[in-house]
Amino acid sequence: MSNPNFDYYARAKRELDHDHGHEHGHDEHAPLNEHDSGPPSDHEIMSRAMQELLEEKGMITAEQVRRRMELFDEEFPYRGSRVIARAWSDPAFKQRLLADGRAACAEMGIALESERLIAVENTPDVHNIIVCTLCSCYPRALLGMPPTWYKSRNYRSRVVFEPRAVLREFGTALPDHVTVRVHDSNADMRYVVIPMRPEGTEGWSEEQLAAILTRDTLVGATVPRVGA
Amino acid sequence: MAGGAQGRWAFQSSYTPAPGHHFEVGDRVVVKRAYPPGHRRTPYYIRGKQGVIERICGAFPNPEELAYGFSGEPVKTLYRVRFSQKHVWPRYAGPAQDVIEMEIFEHWLEPAPREATPVGGAARA
Chain A
2 MSNPNFDYYA RAKRELDHDH GHEHGHDEHA PLNEHDSGPP SDHEIMSRAM QELLEEKGMI
62 TAEQVRRRME LFDEEFPYRG SRVIARAWSD PAFKQRLLAD GRAACAEMGI ALESERLIAV
122 ENTPDVHNII VCTLCSCYPR ALLGMPPTWY KSRNYRSRVV FEPRAVLREF GTALPDHVTV
182 RVHDSNADMR YVVIPMRPEG TEGWSEEQLA AILTRDTLVG ATVPRVGA
Chain B
96 MAGGAQGRWA FQSSYTPAPG HHFEVGDRVV VKRAYPPGHR RTPYYIRGKQ GVIERICGAF
156 PNPEELAYGF SGEPVKTLYR VRFSQKHVWP RYAGPAQDVI EMEIFEHWLE PAPREATPVG
216 GAARA
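Chains as they are written, first to last, in the working numbering: chain A, 2 to 229; chain B, 96 to 220.
Next up, chain A with everything else stripped away, as it sits in the complex:
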């Protein structure tokens, strides 16, 4: 294998196997980012090998992979807020979003690719919250990568059977007359919450509205607040 990166990963893995049982001296210059210290994991090596094979076959380029990661970090997380701000401002758009989430997003030039989107609406009587108990299904093309807490075993196992306790831990206390509607995102659909538009936002532009539509409000862990 001529690729020097591959050799690096293979060598690092051999060193990891060798190193077992040895005491390591403390390195005061060690990077603070724990993920990037030490040899790569088996999954990193497999992922790297797969990417290199696909590059060698001309199916993808490193630039495409980099661009994709950049989109996830730089663009996708802001899409959801824009879509819901539009729904708050335009009742007809909200109805189209509720009827067919992907088509409504497409109207705004947001292509959700394979994702089927279901928008669920909070009302004075209903609060919605999203989870994926089986893994970490999440509307990534709309909200970016899921937060760590969304992927945690704690959240995934508890929010289905004690959603009100979990919501209180997020600072969201709901009166008993409100129906809590938990959505287990366990198969092909992806979900976004349309929160209730708070008082004091009358006349706001979509941009202003988008600013209070934070990620956690779109998952249903909390509700948007003015001046928060």
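Hints are computed from structural coordinates only; laboratory data are not their basis. Computed from a predicted model, the values in this text were never measured in an experiment. Some hints here could point you the wrong way.
Said to hold, decoys possible - Pairs of lysine-lysine residues, derived as DSSO-like cross-links and limited to a Cα-Cα distance of at most 27 Å, are as follows:
#, chain 1, residue 1, chain 2, residue 2
1, B, K181, A, K152
2, A, K152, B, K144
3, B, K171, B, K144
4, B, K127, B, K171
5, B, K181, B, K127
6, B, K127, B, K144
Following the hints, put chain B in place on chain A, whose structure we already have.
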């Protein structure tokens, strides 16, 4: 993502038609209490529980086949089913109207027996 994409997607529904589906919205169903090995998208905690069809999502490749490199065909009808929390978790501490909803493929569903458990929640999508 700009201009052209908008035109291409503007009138395309994201929902796949599901010809030949067996259940309708509002039908009472029971999730099969089965524990086959392999990749399943039906959570353990909902097996054997009764609910109501909330909506028909469409027809999708079967994930139980896709997971092993098969085509996933024939496609299966996917439903969203609403369950009463008090029914799913006998010790559920919240009010009686709270609900949990999830997606269940048709081959995991059977018609509920006549004396079906009531499903709370006036919530309607």
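TODO: Please flag the earlier hints that this structure goes against, numbers listed from lowest up.
DONE: Those not satisfied: there are none.
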